[in-house]
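Input sequences plus hints: build the corresponding full structure.
So the sequences go chain by chain: A and B.
According to numbering that gives the first Met the number 0, the first sequence is numbered sequentially starting from 0.
According to numbering that gives the first Met the number 0, the second sequence is numbered sequentially starting from 0.
Please keep in mind that the hints were generated in silico from the structure rather than gathered at the bench.
Check before you lean on any hint, since a few could be wrong.
Far from chain B, some chain A residues (derived; all Cβ distances over 10 angstroms) [what the hints assert, rightly or not]:
1. Leu10
2. Gly12
3. Met20
4. Met47
5. Val56
6. Ala97
7. Ala102
8. Asp111
9. Val154
Think about it this way: if two alpha-carbon atoms lie no more than 30 angstroms apart in a straight line, the pair counts; the simulated DSS-like pairs of lysine-lysine are [said to hold, decoys possible]:
10. Lys60/B with Lys74/B
11. Lys74/B with Lys64/B
12. Lys32/B with Lys64/B
13. Lys161/A with Lys318/B
14. Lys161/A with Lys317/B
15. Lys64/B with Lys143/B
Label-pair ranges, simulated between beta-carbon atoms [stated by the list, open to error]:
16. Asp100/B with Val22/A: 41 to 51 angstroms
17. Ala335/B with Val100/A: 48 to 58 angstroms
18. Phe63/B with Leu73/A: 31 to 41 angstroms
19. Ser24/A with Thr86/B: 15 to 25 angstroms
20. Leu4/B with Leu133/A: 31 to 41 angstroms
What you are looking at is a predicted structure, and each value in this text was computed from that prediction instead of being measured.
For glycine and all other residues, C-beta sits at the position ideal for the given N, C-alpha and C.
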Amino acid sequence: MSTVELIATILGGLTVGSALMVVLSTHPVRSVLFLILTFFMISANYIMLNAQFIAIVNIIVYAGAIMVLFLFVLMLLNLSKDTEPKTSVLMKISAAIAGGVLATVLVAALKDAAFETIENADNTIGLVEQLGMLLFDKYVLPFEVSSILFISAMVGAVLLSKKEKQIID
Amino acid sequence: MDTALLVEKSILILILFALSLGIAAYQTYFERKVAAWMQDRIGPNNAGPFGLLQPLADGGKLFFKEDFVPANADKFLFMIAPGIAMTVSLLTSVVIPWGPDIVAFGRTISLQVTDINIGILFIMGITSIGVYGIMIGGWASNNKYSLYSAIRASSQMISYELAMGLSVITVVLMGGSLSLREIVEAQHGFNWNIWYQPVGFIVFFVCSVAECNRAPFDMAECESELITGYHTEYGAMKMGFFLFAEYVNLFIASTVISCLYLGGYNFPGMDYFEGNLLSVISILVLFTKIVLVIFTFMWIRWTLPRFRYDQLMGLGWKKLIPIALINMVITAVVIAFTRGWFN
Numbered sequence: 000m001s002t003v004e005l006i007a008t009i010l011g012g013l014t015v016g017s018a019l020m021v022v023l024s025t026h027p028v029r030s031v032l033f034l035i036l037t038f039f040m041i042s043a044n045y046i047m048l049n050a051q052f053i054a055i056v057n058i059i060v061y062a063g064a065i066m067v068l069f070l071f072v073l074m075l076l077n078l079s080k081d082t083e084p085k086t087s088v089l090m091k092i093s094a095a096i097a098g099g100v101l102a103t104v105l106v107a108a109l110k111d112a113a114f115e116t117i118e119n120a121d122n123t124i125g126l127v128e129q130l131g132m133l134l135f136d137k138y139v140l141p142f143e144v145s146s147i148l149f150i151s152a153m154v155g156a157v158l159l160s161k162k163e164k165q166i167i168d
Numbered sequence: 000m001d002t003a004l005l006v007e008k009s010i011l012i013l014i015l016f017a018l019s020l021g022i023a024a025y026q027t028y029f030e031r032k033v034a035a036w037m038q039d040r041i042g043p044n045n046a047g048p049f050g051l052l053q054p055l056a057d058g059g060k061l062f063f064k065e066d067f068v069p070a071n072a073d074k075f076l077f078m079i080a081p082g083i084a085m086t087v088s089l090l091t092s093v094v095i096p097w098g099p100d101i102v103a104f105g106r107t108i109s110l111q112v113t114d115i116n117i118g119i120l121f122i123m124g125i126t127s128i129g130v131y132g133i134m135i136g137g138w139a140s141n142n143k144y145s146l147y148s149a150i151r152a153s154s155q156m157i158s159y160e161l162a163m164g165l166s167v168i169t170v171v172l173m174g175g176s177l178s179l180r181e182i183v184e185a186q187h188g189f190n191w192n193i194w195y196q197p198v199g200f201i202v203f204f205v206c207s208v209a210e211c212n213r214a215p216f217d218m219a220e221c222e223s224e225l226i227t228g229y230h231t232e233y234g235a236m237k238m239g240f241f242l243f244a245e246y247v248n249l250f251i252a253s254t255v256i257s258c259l260y261l262g263g264y265n266f267p268g269m270d271y272f273e274g275n276l277l278s279v280i281s282i283l284v285l286f287t288k289i290v291l292v293i294f295t296f297m298w299i300r301w302t303l304p305r306f307r308y309d310q311l312m313g314l315g316w317k318k319l320i321p322i323a324l325i326n327m328v329i330t331a332v333v334i335a336f337t338r339g340w341f342n
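Written out as structure tokens, the structure reads:
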């Protein structure tokens, strides 16, 4: 086993392990902390694939901003065993069925998937210059459309908060 | 990978580690002396000549204090929070170019641990995760003042990161690269970014003060409202770690400001020197700039009163972000015209 394979294996194990701990830990704040750890692991995987830009943007956006807001909200809630909403048996059964269906679909989709080995791949493909050229040249329309989507979401959020103020007045 | 490179990088990392901690320790002394000077006092003067051993005395005292964990705290998170704060603050120094290459033992030694081509984004990333130490520590203490402080710190960090990122974009446009080495080299001689980007510099500087949690933006500590904020329940060296991490952050922030806007290791007339002499002078120049920026941080702290929390948010969202945005658009248009990208 080469060094790269060894690192990839350990990293993969840690990624899956921390992702599992997100679901398995009982305390919400600890779940979020494991989710942050998972994002770091995913970034490490990106670096292994020579995609430095995506790796660091993943950390800035997800670990640095979105998860801070997650943690922010969770810290404000008084979460403990007593305040946890009681879930009925029916809910638990339906959740198990829904999860099982998803797992079946995933297994069915992936069991015949062939993993291609890419020989002599361009190892600068994940760097920021190449990514920028692709985004603003080949994929410029989808890129701009998605930015319009973000602007509309922002305008919507501002509008919603403005409306609430008028009602209070 | 050859062994010499590995040895050379390890030594550089060790030097940076020791330097960050040593400078952080002496910043506490420097801050007390500056404060004393501004308030017409003498400051620490008993431990050693001119009180120079004061940081050692303080550190030693913190080690011998009782290591206390509150009964209702989340023990594990309470223990690791200072460690997270410290680790994160020590990470940034690896991408900073400390000087031009040195030739020694027949090898060209780069004074930068790693020149990743997204250096500036790495710094932004580390800055954005810097708040976790404060948040986790504040929450795990199970104290309402600590929790308030954690919440304030997180919203402050997120708000000021935006304006900071927008002003960094102008620097990237000026240098034409995300690599810190190339950004610094583009400011050769006296061609510093501060002359071209005075507005961006001011925005970045104000945001750095806020990101370092320094007065007048130290809402996370705010003694008059929150006791001492997120480290209210901490004592002994765990509290020392939080304070230390803050001073390491201050050192790193000053270094980043020096590299992005004040020309890094460049100085006017650097073309008259060459070889190792140039490298040594460059390193000294960089550290002079860093000390001056640190002094400015302290000057601001002991001059201005603390902002109110809503004023802080208003400044971040309603003033700095629009200013940084307009600055960015103007810079982009001017650069596009002067470099003929519209033809």
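Hint by hint, here is what the structure shows:
1. Leu10: At about 18 angstroms from chain B, Leu10/A clears the 10 angstroms cut-off, so the statement holds.
2. Gly12: 22 angstroms, holds
3. Met20: Its Cβ never comes within 10 angstroms of chain B, the nearest being 13 angstroms, so this holds.
4. Met47: Since the minimum Cβ distance to chain B is about 14 angstroms, Met47/A lies beyond 10 angstroms and the statement holds.
5. Val56: Per Cβ check, Val56/A is inside 10 angstroms of chain B; nearest 7 angstroms; violated.
6. Ala97: 32 angstroms, holds
7. Ala102: Fine: 32 angstroms to the nearest Cβ keeps Ala102/A off the interface.
8. Asp111: The claim holds: Asp111/A sits with its nearest Cβ about 37 angstroms from chain B, beyond 10 angstroms.
9. Val154: 16 angstroms, holds
10. Lys60/B with Lys74/B: Holds - the C-alpha atoms of Lys74/B and Lys60/B are around 24 angstroms apart, at most 30 angstroms.
11. Lys74/B with Lys64/B: Roughly 19 angstroms separates the two Cα atoms, so the pair holds.
12. Lys32/B with Lys64/B: Judged against 30 angstroms, a Cα distance of about 25 angstroms means the pair holds.
13. Lys161/A with Lys318/B: Holds, at roughly 20 angstroms.
14. Lys161/A with Lys317/B: 16 angstroms, holds
15. Lys64/B with Lys143/B: 24 angstroms, holds
16. Asp100/B with Val22/A: 41 to 51 angstroms: This hint holds: roughly 49 angstroms between Cβ atoms.
17. Ala335/B with Val100/A: 48 to 58 angstroms: With Cβ atoms ~53 angstroms apart, the hint holds.
18. Phe63/B with Leu73/A: 31 to 41 angstroms: 37 angstroms, holds
19. Ser24/A with Thr86/B: 15 to 25 angstroms: This hint holds: roughly 22 angstroms between Cβ atoms.
20. Leu4/B with Leu133/A: 31 to 41 angstroms: 33 angstroms, holds
Figure legend: structure checked against the earlier numbered hints; the only hint not met is number 5.
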